[in-house]
Each structure stands twice: as structure tokens, then as C-alpha cells.
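*Asks:* Put chains B and C on the given structure of chain A with help from the hints.
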Amino acid sequence: MRWLFSCMLLALLGAVQALSSSGQRLLVILEDEAEREKYSVLLEDLSSRGFHTTVQSPKADKLSLFKHGARAYDHVILLPAKSKGLGPALTANQFLDFMNNEGNVIVALSSDHATPSSVQSLLLELDIHVPSDKGALVVDHFNYDSTSAADKHDVLLLPFPKAIRPDVKNYFAGEGLIAVPRAVGQTLGNESPLILPVLRAPSTAYSYNPKDEADVVEDPFATGEQLNIVSSLQAHNSARLTVVGSAELLQNKWFAEKATINGQAVKTANRDFVQKVTAWTFKETGVLKIGKLLHYNNERVSKKLNTSVAIPEHNPKIYRIKEDVAFQIEVSEYEIDHLAPFLPVENDALQLEFSMLSPFHRLNLTPLSQTANATIFGVSFRTPDQHGIFNFRINFRRPFLTNLDEKRQVTVRHFAHDEWPRSWQISGAWVWIGGIWVTVVAWVGFVALWLYSAPTTNSVKKTQ
Amino acid sequence: MAAAESETDKFIKQVSGRNTRGLLRVIILCLIAGAAVASRLFSVIRFESIIHEFDPWFNFRATKYLVQNGFYSFWDWFDDRTWHPLGRVTGGTLYPGLMVTSGAIYHLLRFLTLPVDIRNICVLLAPGFSGLTALATYLLTSEMVTSPSAGLLAAAFMGITPGYISRSVAGSYDNEAIAIFLLVFTFFLWIKAVKNGSMFWGALTALFYGYMVSAWGGYVFITNLLPLHAFVLICMGRYSPRLYVSYTSWYALGTLASMQIPFVGFLPIRSSEHMSALGVFGLLQLVGGVEWIRTQIPSKQFQTLLRALVLFIFVVALGGLVLLTVSGVIAPWTGRFYSLWDTGYAKIHIPIIASVSEHQPTAWPAFFFDLSMMIWLFPAGVYMCFRKLTDEQVFIVIYAVLASYFAGVMVRLMLTLTPIVCVASAMAFSQILDTYLNAKTPKAEPAKENGDSKDAAKVAAAAVLPEGLRSTRQPLIGVYSYASKLTVMGASVVYLLLFVLHCTWVTSNAYSSPSVVLASRLPDGSQHIIDDYREAYYWLRQNTPDNAKIMSWWDYGYQIGGMADRPTLVDNNTWNNTHIATVGKAMSSREEVSYPIMRQHEVDYVLVVFGGLLGYSGDDINKFLWMVRIAEGIWPEEVKERNFFTPRGEYRVDEEATPTMKNSLMYKMSYYNYHSLFPAGQATDRVRNARLPAQGPELSTIEEAFTSENWIIRIYKVKEPDNFGRDHQSATSFDKGHKKKKAPKRKGPRVLRVE
Amino acid sequence: MAPKSRVPEKSSVSTSSAPKAKKAGSADAQQIVQDVWSKYVNKTPQRVKLLDSFMVFLIVVGVLQFVYCLIVGNFPFNAFLSGFSATVGQFVLTASLRIQTNPENKAEFESISHERAFADFVFGSLILHFFCINFIN
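Just so you know, the sequences run in chain order A, B and C. So in the UniProt record's numbering, spot 19 of the first sequence is number 19, and the numbers just go up one at a time. So in the UniProt record's numbering, spot 313 of the second sequence is number 313, and the numbers just go up one at a time. So in the UniProt record's numbering, spot 80 of the third sequence is number 80, and the numbers just go up one at a time.
Just chain A, same shape as in the assembly (with noise of 0.2 Å):
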């Protein structure tokens, strides 16, 4: 029997391995079962990361991502299907209201397969551009893998990328370089700030339809570090989609291929580059969480009580103007199974908005100090001299970090009837407030002396 109960626990503990931070029920949609095959190294390893995989084909009927008004599934792969249509499920619309319930969507592009009409409307409305043209692929004549695509060149190798500015985390960093064999290259537009390059083309590369019988491409979709093999999407609502332009380098031909480049064999690192791709996009990577949000009123005396507050109350509803306040707030990051502390990159910093209708203190959050889990952040500030209803926010957007935006509403009072300054701490105006005393002391004097006083004669009686 014990041996059976520690078989389950290791079973457990092996499966328990990774966990998704938000759900671990993950739909692949292929629609040729023949294909499964090709993709079976992938599926384990999401499998072995604690993901329930269920792979469908898009003509199955009763396949929908939603079940009784909530997301069926957390995540979703679509795999390039032969045809165009993707049926009632799989709509445009239903992609976009997946994600609007916090789903996460891979979505794979091949040149042998024409994009689904619905996946091409997608991604156009979320602004990232295929070219419409079927069977475009992007070539480089200097890295490409001579070993496979000698002639043709359309199977790049390209190394990992690296972080697209200086203050952004990259997730995507690793050893060795990927194989992209006939990639669909995609152009970002340059409105939404949403949408982001996850592995770009070389400078060499441009995109290029083998049908197209001309010796030079004029014109071409798109070239050099402009064309993205993987794009990356992720909404307000911390939704993530990304576009792999290649479905090939997801195969396991591609997962450890022995390819050559200039002369040199190398082996490819695409099983980690998926690994990383995957665990960003289903949220293992990447993901912040804040912990405990706490404001309160830092002045150390109370000025009605006259006795110093120890323990002030957490969170009040209420505030005055000019008052001392100080705000703490708990973040942490997920790291594939564990939350860890979350530190900023450097000459970056969590800033807190004191804001009514426009921000009146915009501080940076310095790190306090940090438990286990989380970074406690901090900064102390004075009310501004204007009452009203403000908030608390933190608004912290960066790329590839899931978004915080957390409002708390408070009201700033004016000052009480009595929390002004009282006239006796006026030295101006002591002058007066003798003059009140001396009037009312003479005047009792008055009134004593004159009921004294010997009434003048000729008083009036009443019933005259």
C-alpha cells in the first residue's frame, strides 16, 4: 500500500510541476488528426506543466469556448487549418470575447495553409498584418539553415531575442538559436500600444511569394527587423494572444534538428523557445499580483484626542486636507510556480496617482522591504490643500507584465469647525479678545456700581 500512496504523491508532485496562474484547461484546435503526431513532443510537455489538453478539430460539432455564459477553456491553440472557414465557433467575434474573459489564444500561421478568414479579420482588428497573399514566406540569404534550405533559404536561424529596450523584462532570453522554417511574417501597426514584437526577423530578411515568377520583389510585404515571426498581444485586461508566424518550429522535427548556418552546425533550441512563448502566453511568466493594499493617516498625534495614535485605522474612508498619509502596497511576481518578490527594472519604479479629475502627486514607490512572497511598496505624502473625492491609483503598465491598475476612492474633508487655529494661538489677536474681556468686566462693574447708585429722582412708576 505505501508504496502505491508515495506513487501518487510523486505522480502529484511530477504533475504539480507548473501551474498556470489562471486555469490550467487548454483547447488545440488541429483539424487534421494525421497532423497530431507532428505535434506530440509540445502537447507533453504542456501536459507535464499541468495542463488538461483537449484537441479538437474546428468542424467538431458541440465545440465552443464558452459553456453556460463562462470560458470552457483558459487557453487555446490554434494550429493552421486547411480550410478557410473555421465554422460558428471559431468566429472573429468569439476569439475576441474569449479574451475578453481572460482567455489566452496562440494562434500558429503556415505558408502552406491559407489564414482562416477569421483569423485574418482578427488580427486585423487588433492591427497586426498578414500578408494576403497566400503562401508568402519570409527568406533571409544569410541565416538560413544550408542544411535543409540550401536553395530556397525560407528556414531561418535565428538567436533569441533580446529585450526590445533597455527597461523592459525580456522572457524570451535563452541559448542557442531557433529554427523558423517558411515563417508567415506579420507588420505591427503603429497605433495600439497593446501589441508588441516578441522575435523579429533579421535585417536581411523580407518577406516573398515563391509564386511570384519575378526575379526581384518589388514591393515586398514587409523587410527586415519590420517583420515579426512572433507577435505578441496583450489586452487591458491582461489577455494574452500571440501570433507564431511559423507552425513548423511547434513541430517536433524542429525541437532539437541539427541545422547548419554559415558552416557551422548548431543544434536548434526551439523546445525552449516554445517553453518560453507558452509560458508567457498562458500566464506563467510575466504575471503580477498585488497582495495587501493599505493607506493610512500618518500623523502621529491626533489633534482632538491629544494622545498619540499608536495604531491608526487602515484604509479610512475619509481623510483632511493637509494631513500626513502614508500608502503601502504588496506586489509580487509569479514565476512559473511560485510567487516571488517584484522588483522593478532599474530606473524604473511603481508610482502612486493622488488624483482628482488630473493627478495632484504622482510619487514613486520605493521598496520597503519584502516578505517571502512580495515586495512591500511605500511612500508617505501630504494631502494637497483642495477637498474632494480622490483616488488612490496605481497604474503600472509594462510591456509583457500583466497590467495594474487599482483604484481606491477616498474623500478629502475640509477642516472642521474646530481644527483651525484658535484665536487665543493668534497672537494678532489678543488686542481684540482683551478688548472683549476688558468691555464684559466693565460692564459687570457697571451694573454694580449703578445698582449702588442712588436712583435720579422723578422715576417712573408703571401705573402711571
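The reader is advised that the hints may include incorrect statements.
[Claimed, not checked] With a Cα cut of at most 20 Å, we get these calculated DMTMM-like pairs of lysine to aspartate or glutamate:
1. C:K43 to B:E291
2. B:K739 to A:D133
3. A:K322 to B:D735
4. B:K736 to A:E125
5. B:K739 to A:D219
6. B:K717 to B:D735
7. A:K407 to B:D722
8. A:K169 to B:E755
9. C:K39 to B:E291
10. A:K152 to A:D133
11. B:K719 to B:E709
[To be verified] For each label pair, taking beta carbons as the anchor points, the in silico distance ranges come out as:
12. B:G737 to A:S48: 38 to 46 Å
13. B:P115 to A:V447: 41 to 49 Å
14. B:V26 to C:W37: 14 to 22 Å
15. C:V41 to A:V447: 30 to 38 Å
16. A:A72 to B:A694: 48 to 56 Å
17. B:R599 to A:P421: 51 to 59 Å
18. A:N395 to B:A510: 51 to 59 Å
19. A:L449 to B:P262: 54 to 62 Å
20. B:V26 to C:V41: 53 to 61 Å
21. C:V122 to B:V488: 50 to 58 Å
22. A:A72 to B:P115: 28 to 36 Å
23. A:L294 to B:Y651: 54 to 62 Å
24. B:S508 to A:I426: 53 to 61 Å
25. C:V41 to A:L451: 19 to 27 Å
Quick caveat, the hints were computed from the structure, so don't treat them as lab data. Each residue gets a CB set at the ideal place from its N, CA and C atoms; glycine is no exception.
*Replies:* Chains B and C alone, transformed into the frame defined by chain A:
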């Protein structure tokens, strides 16, 4: 003679003795108070005990806060559920008298172990105080004339006259409910003070004046009427030490009392409306000083020199005052009061004041409607004051003239005219009654039958007495014949009965509607209650989060705060014109412009009133031009009133409405989905009698949340920004199935993406 | 503006200080002032003198406060107002008391005995002091 007194004589003497008459007076006054209260209860009996209109809802909310949290919390109250996100320092910007009175009554009743709900106290406060007002009118009139019936008549008139009822029905929980009582009572105390010349009455006047200042902004009327009375008396040469004592004690104590209210603060020293009181105070000191010096020094020449000195000092002081006003140390007349003198001022400069319906000039039928037969008794009563013209009666004349002018300028000020009309007409009417209701036959004066010599003596004697009207120089004799007495009395009784009939009819039909609940008649005559307002407010109350912010036009702000208990953006207090203009701009602009405004102000729901289905003409489309005008006052480039009129100058809502009109948020919210109620192409708006286009407007940034039963109130929810960063227009069109078109072939160099 | 029908003069002034010169000259003015002063010292009862001295004292205190305000400024404005108004109000009330207890004004104040006048004075003064102290917080 004593032995010859019969039993009946003794009985009549007992019955008409002083104590009996006093008792009778008390009973009559109680009955008048009862009638006053009873005639104000129509709406409570027909509908229910509910607070009416708009302003009373705020007063009710403030009273609830006071009763729940105590006086000091109320004094320091910062209201964060209005004027979001600015909030309002309510404790310092309202007149606390009404709330404190209700709170005091509430606590008193609880102390007597009668737990009356605060809502019932608020609803019934105004009728209760109207009984007290009748009593105060009785007291005031009794000071004016010696006739015993004048006071009772005045009390009866004041109790049921519609001019006063309009603002004091049960449910009209507004400042005027106690303010009119305080007004009349303060005037009574003032007259008593002037007659007696006593500091005690002056101090009491000051105390009640202070209470009045805490109750109503119209206290400025007292602040200017009493000095005017004193000034006229001085100019008539009637300066007397009594006037000095009463006025100075009132001014000193009253001004100090009025400065205790935070809302008034330093205004009595700083603003033009209070300067006349200060000026007359100074003048009285001067005149009193001069009179005192005159008693010390008998020289006539010195006298004239001093008189010239007084005049000189007065002119200098007036000049100084003008200089201070011009240089800004003393604030000039505020807009509200300035518009009483220059009636065209408000429409141009302060459209918010001009847009309130109560601030429009009075139409002449309103005088008859509100005052009935008193409107012709009133000049007769004022004319009769000139008979003896004592100091008190000068007051009546001045009050009458001033109040008539103001009542003609603003409908709302009919209320201040009503007490003096009741007093003056009671004086005139009681004169009739006293003359004709005398059962005795008058004894003819024997001297009258003599020759002219006696007449001359009489005339000479009359000349010594205070001047009066020439018409009343001849001594009063009486009426002989019973026929004329009966005719006149019969006619008077008929007039009085008609008066009561008119007042009751007016109260029942015109002034007893709660305006929160509408009533109409079905074709078969039965009453049909339209309760859309409360339905919508309670939907808000039960279906939205506690802190959901509601944007609507300012008319409904107090009601939303009171009944739905949700934070609002603007309300009836209208203290911040720019904030109201922001709401106006949001309502009158296209969705792309109004959506950022609504997001910036954290608006969750938008409420709009639409009367097109029922034919209810008080809806927002009819008020729409005021929203545009007020917004145009702040943003003349972005909002233009001209763009809402067709090229021919009409204000249309059908096919021919201008694009600006059709795209404005208010238009879209009012007519969204309206066409679905009618067969195709026949949607009609019953208020503006227009046929609407078959295709209704479409909304992308807000979605319909609630529409009440008769489509009077429509509530919309503001959408969150699109999850994918698209603008709402494109998002909704994509949802409908219109796919984005691929960008056409670019001409020229392509735009590259840079990280 | 000549008064029309006034209460007939009830001046108790004796004709000892006869109006001398018709021409206004400084010597006459000084003479008149001296006459007035001597008449005042001799004729007025002690109570009235007490009143007058109290009033003079109030004027002095009031003027001092006003001068201080002019020099230093009126920063806590409510303090200035309450201090100054206390003196002004008290002065006015005392002047009213003086008028009411002046036997020459008997006809005006038929219903008010001197005791009643004094009681009114105390009542008014207490209210005045209460408001001033409340206003100065």
C-alpha cells in the same frame, strides 16, 4: 339704574365681557390654525406622505444626516455624494435653520416618547408652521389698528391664502416653510419695539432676525426694510428716542447674530445688500447725537449749523461707501439680487438664474390667482393707513410698496407680498365690518345741527390733531338704516365665502401636486398615477453599486441624491457653473467628445428624462437649449447654439434636425430604440408633434440600462474603454459584423514601426 | 427738512446760559462749551454721570481697537469684528439705557420704568456678550 338691569342685560354683559372675548379669540385662532393645517394636506391624503419637488429632497437628506450624526458632525459636514468629484462643504454653504428646527422637534418628540419618523416631521413641518404664521399675522395686525376684528381677519386670510400655501403645503419642505413665519413674527416684534421703545423687544427682534438669517436667504428683505422704515421716519421728522433705542439695539445684536451663520459670515460688513442697515445705523447715531446736543444748547443758530454739519457728514459717509464699493472692498450687489433691479441682466450674464422658472416675471393673472379678492382690498387698506399715519402704519406703506415691486419682478417673491396683503386687506375689511356690524343705532351729534361757527371750531380742533385724510376730517357718526347694514353684511359674507372657495380650489388643483408623482385622467375619468420617477430612482437604488456616479441635468440632482442615494455630478444647488457647463457640453456633443468627459469624471450611469411617449412637456429635450447655452458660455468654440437650429431657424427633432442635433448625446439617448414602439416609419414624439425618422439613433459608448414604464426616465450605462484599445465606434461596428477593410495600397513612403 | 409735528420741547435747561453772540466766533464757541460743561457737571445726577463715564470708556476701548487694526491689519477678521462690535454694541445699549432713564423722555417711554429699562439693558448686554464670545471662538 343698577336695579333696572334685566337678566338679559347681565347675560349679554357677561358674554361680551373681556375674559369671554379673550377666550373667544383664542378659540378662533386655534380654529384658524386648524384650517390652515387642514387645507395643506391635500397631497398627503391623495397620494402619500412624501417630500415634493426638488429642493426639499436636499433639505430632507441634510435633516436625516443631522438627526443621525448630531449637530457638530452636521456643522462640519463634507458631502462627498454630490458634485462629484469636487464634493461640497455643505455644513458651511446652507442655511441650517430649517434642519435644526426639524431636528429639535424630532428630539423633543422622542423625549416625550412619541417616536415620529423624521420623514413625517419634515413633511408636516410646513403646515404646522403655517398655523403659527397665522398667529403671528394676528399679532402684527393687532399692533397696527385697534379694531379687534382686523387681527382675526388677517390671521384667517393668511391661513388659507394660496400665495402662501404654494410654498408651504405638506411635503414642501423648503426654507420658506419656517421663513415666512419668522418674517412676520420679526416684523411684529419690530413694531412692538418701535411702539414701546424698549431694548427688550429690540433684542427679541434681533434674536428672531438671527433665526431668520439661519433659515432663508430672503432675510435680506428684513435687512433692508427695517432701515428703510427708520429712514423714512427720520425724513418725515418723526425721529424719537424710541426709534433710536429700538433700531440700534436691533442692529447691534442682529448683525452679530447673523454673522454666526457660516454661510453669511462677513457679508453684513462686506456686501452692498447690507449697507443700508449700516448707513441708517450711522445716521441714527448722528441724529441722536444732534438731538442730544440740541437739548443742551438752546441757540437756534447753532442748531442750523449743526443740521448742516449732519447733512455734510451724511454725504461724506455716502461718498465713502460708494468709493469702497467701486474699489471692491465692499462687494457689489450679487447677481441674484441685482437681477431684481435690472431684469434683463440674468439672461445675458447668468443663464442659470434666468433658466429657473420661478425667477421669471409675474404674469398679472398670478396676482388674482394667488390673492383672490384681497388684491383689491389691499390698496384700500394701504390708503386707510394714511388716516392716522402712526409710525407703525408708515411701515405698512413702505412694506406694501416694496413688496409690490418685487412681486412684479419675480414670481417667487409673491410669497413676501402675501403677508402685507393679508394685513392691509384685513384692515380695510375690518373697517367695513366694524362700521356695519354695529347693532346700535347711532346717536346724532347735537352740535352738528348748529351753525357754521361750531363747524369752524371743530375744524380748528381737527387741525391740531395729527394730519389725516381730508375725507375723514368729519367726525364718524355711524350708519342708521338696518337695510343697508344687512345688504353690506350679506355682501361681505358672500365675498368671504367666495374667497374660501377660491382658495380651497386653487390649493387643491394647482399647488398640491408632489411633482414627483404625476396624475392624469384616463378616458373613463378614473385617475391614473404615473410613478416613473420613483420607479427609476428605486431601480438605481437597488441595481447599481453603492458608489455608482450618476450624470444627469442639474434639475434632478437632489432627487437622485435623496431617493436613489447615489453620488451625482451636478445638482440644484448650481454653485459651480463650470461643472454644470461640463455636463451640458457632454450632453450636447457627439459621443466621441462626451465619452472622454464622462470617463474623466468617473460617470457610471447617465439619466435622461424623455416625455415624448406620454406628452410630458417638462423633459430634457425641451430644456436642451439651456444646456447648450450654459455650455456655450464656457466653450464658445466647441458648442454653438446656432448649430442646433435648422437653416430656417427652427428647433426640430425629426428628419430635418441638424447633424449636430442628431449626433448629440441627449438626442441619441432620448430617441434610442424609440422607433421600435411604433409600426415602421410612424414613430411620433407627442410633445413636439414631430414624426421621427424610421431609423433611430445608434449608440456606441453607452448602452441602455433601464427605461421606465412610460419611457419618462431612461438610464444608460457608460461602457468601459475597449479591451483592445479600439474606439467604441469601430468596436461596435465590428461586433455587428462589419469587418475592417484592409488598408489600401499606400502611396508614398511607408510608416515604419519603432519600439 | 424741518420737522412737521414734533413732541414739544421739554428742555430742562435753565436759561442761565443765555445765547450771547449772534456771530459765531471762537470766543463764543469756547464760552458755549464752557457753559455746557459747567451745567453738565452741576446738573446731571450721579447715575447719569456713571453712565456717561462708562460710555466714554467704551469709546476709548473701541477707538484703540480700531487704531490697532489700522496699524497691524485685520488678520483674524472675526476677532476684530467681535472685539469692535462688543464696544459698539455695548455703547449703543448704554446710550439706550441713558435715553430711557432720562426723566425728560418720560412721555416717550410710558410703559417702561427705570427698573424695567435696566433689566432690558442687562438682557441685551448678556446676549451681546454671548454672541461676541461665540464669534471669536
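*Asks:* Check the structure against each numbered hint from earlier and tell me which ones fail, lowest number first.
*Replies:* 3, 5, 11, 14, 15, 16, 17, 19 and 22
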